[in-house]
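Assemble chain D onto chain C, guided by the hints.
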Amino acid sequence: MKFKARTFDDAPNVLEIENLTVRLSGNEKAAPVLDGVSLTIRQGETVCLVGESGSGKSVTSLSVMGLLPRGALEATGGRIGLEGRNLLELGPQAMRDMRAQKISMIFQEPMTALNPVMRVGEQIEEVLNTHTKLSAREKKARVLDIMNQVHLPDVERIYRSYPHQLSGGQRQRIMIAMALILEPQLLIADEPTTALDVTTQQQILSLIAELQEKHGTAVLFITHDMGVVAEIADTVHVMKLGRIVEHAPVEELLRRPREEYTRQLLQAVPSLTPRAARDTPEGAPVLSVNSLQKIYGAHGVFKRTEPTKAATDVNFTIPRGRTLGIVGESGSGKSTVARCIMRLIDPTKGEIRVADQEIATLSRRALRPLRRHIQIVFQDPFRSLNPRWTIGRSLVEGPLNMGTDRKAALERARELLKLVGLPDDAVDRYPHQFSGGQRQRIAIARAIAMEPDVLVADEAVSALDVSVQAQVLDLLDELQKKLGIAILFITHDLRVAAQICDEVVVMQHGRVVEHDSAANVLAAPKHAYTRALIEAAPGRQWDFANFRELESV
Amino acid sequence: MLGYITRRILAVIPVMTIVAIFVFLLLRLTPGDPAAIIAGDMATPAQLERIRTSLGLADPLHEQFITWVGLLLQGELGTSLISSTPVTQMIGQRIWPTVNIAVLTILLSVLIAVPMGVLAAWRHRTWVDYAVMTFSVLGFSIPVFVIGYIFIKIFSIELRWFPVQGYVAPSEDFGKFLSRAILPCLTLATIYVALIARMTRASMLEVLGEDYIRTARAKGVKETVVLFRHALSNAAVPIMTIIGTGFALLIGGVVVTESVFNIPGIGRLTVDAILARDYPVIQGMILLTSGLYVLINLLIDLSYTFFDPRIRY
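Sequences listed follow chains C and D, in order. Letter 96 of the first sequence, counting from 1, is numbered 96 in this note's numbering, and no numbers are missing. If you count the second sequence from 1, you need to add 553 to reach this note's numbering.
Keep in mind the hints are simulated off the structure, nothing from the lab. From the three backbone atoms N, C-alpha and C, an ideal C-beta is built for every residue, glycine too.
Listing some non-contacts, in silico: residues in chain C with all C-beta distances to chain D over 12 Å:
| no. | residue |
| --- | --- |
| 1 | Ala11 |
| 2 | Leu82 |
| 3 | Ala248 |
| 4 | Phe382 |
Derived pair list, reagent style DSSO-like, types lysine-lysine, alpha-carbon separation capped at 30 Å:
| no. | chain 1 | residue 1 | chain 2 | residue 2 |
| --- | --- | --- | --- | --- |
| 5 | D | Lys775 | C | Lys133 |
| 6 | C | Lys102 | D | Lys775 |
| 7 | C | Lys407 | C | Lys482 |
| 8 | C | Lys418 | C | Lys240 |
| 9 | C | Lys407 | C | Lys481 |
| 10 | D | Lys775 | C | Lys139 |
| 11 | C | Lys29 | C | Lys240 |
| 12 | D | Lys729 | D | Lys706 |
| 13 | C | Lys482 | C | Lys418 |
| 14 | C | Lys102 | C | Lys133 |
| 15 | D | Lys775 | C | Lys140 |
| 16 | C | Lys418 | C | Lys407 |
Chain C with its partners taken away, still in its complex shape (with noise of 0.2 Å):
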């Protein structure tokens, strides 16, 4: 593993945040929200500010923009010194002056950053508008520039385009562009690359690195993702519950971590090493998919569009008590097969058995009574479960539509809690009472209540921080040997697929690429796009749980 290990002892210094506290608005007696951060960055220089949700990160950057909730947040003491200048005592007006051409910030959700009913074109012209009286020959020439310079395809066509008609990575590559137009001398990058593909988000970092090279940039990039650390930083700061815990060169910080919570935070990260080969059970699988086809909008009276392959000839089998994963980018047609399995939505083609019963062609009424048999945890715990019912009132509904007695049920909603590691009267409480990792342990034990021989993941802990996930991987690896459950795995992530799967199918356009044990997908992959796949993973040299290079690489 390369680190980066430039010096910056003579660069100036481009932000210096001095001792920030930031609290709840109106509330002197809540535990500050910031407390005390300091931090430098150097012109050219990448800070690296990591921690889990709720730590204080983006809050700090942005303090940083002066962007904080009006009537929620606000700073209530140190300093923020960029320019010489005290970013805290600026009115509003020069504030707005500093945005976009001193400071620029770029979120983490494309999808939803940039404005839905404006040209993208017109968006990036907002910023010259806003600060430059350049003429309107000169502005577009200088947006066209920019968009050049983010390696945007087609610049005259896309100037012209609406946020819905690009790609993740092409709007990410927008909002770069619209970040760096004016050359500001800082660049805060709050999660850019966390909602996207591994491949688009390796193109991602190395353009801000090239752009950041180019216009000697510094860079305050916020991440809870410990391989994109290891690409990426040139120093690193760890954050806790509004505090800075640790700060170190990037390769310091890996190696020989100093603090007990960044330890357990690197310890946390899940390796790309697959585990352990188990052998397979013996008998027939529960679930066997053969020859699934979904094709979308081949019909309609009126309109005449081109059906879409979401999934082609797809064929797997998973025994009792094993994991499959079904990995692969967004649009690769992984949630498909969930939903297909699932029958949320109808195949067009193919064959699902589950428990010996083929489920594929039955009517939703004659399917009602097997639903029992499969069921699914959702990626976004915060959605899934209705805020309105109490945890038991969520838990029991399946077993009372199979006709399960309610008191029965509710006894069994307490032992599922025990089960899953939360206290048994959880279930006279709401959901917005837990945290994301509750949530999931919640829709966990909502899932088995049904006692399923089969249990869907889609994109089950892709929600959750490094720690939380193993917690909830561990969960479900227990309750496997404990229920002899099958478990169909649908992620994006690697590791994530390395911790759990024996066997790893690998899908891409709707199609099967690679299909194989867990250990072979992953250490001697056969198909180019696996290898595209496990070579976009960020820190697949590094061992972070061990702070030391991967062996076997």
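Just chain D, lined up with the frame of chain C:
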């Protein structure tokens, strides 16, 4: 897009057919002999007979319907029983005052309500927001005729700014039109201001929480530009819906205001026709208002594509 418009226009046919059947049966299913009701208590048998033939009431029901629809398709709505003028001509004379009042009312409402709603959302949970919401509740709850008379009392009788009643066509004298139309329009506007301001506020509150608003602020864009260019254009679709529905309701619901302010529009025409049991006029009015509703709804739906490029039919 063109296909969508064609489909929507074709969909008008069943809707209007159902309306036509109702309108047709309105007269025929009235209990008792419609001719007797129309002619009144003092009619002679000869008069009754004449009315029956003129309405074609002697033929079987389905034949009556076919004849009636045939005439309808030629734009023939029948003749008023009272004044013996064609219904189309009567509506044609009276519709412009109503449309003019409705357009002015909606314009006033939008100009007052949208900035109010934007301001309330921008200053969410401050006194500005509370003031707008209080006004909105008042606007909903005070009946139109009460507001109308209060306005006449204050602005016409006490302050003597505007005439009490009457109507002058804008083509004749625009100034006189405005001075006479402003009070009825303000009266009508209160409820729509309340409605549109509320909808604007709700829609803006949602949009102001979006990521692209943060992006716009991060570019250093002025707050007014953030609000009106970035936020309002994204909040426009629900606001447009409420404005369109409001306009359609206005055309149909001007009965009270036109009576209070003595405006010779279709509202008064309807009231007069109902009081005089002038069935052909009532039928014509129902057909007209339902037709307008359908048309305005179509226009609203098409306007969405203008505000949001993601909506394509």
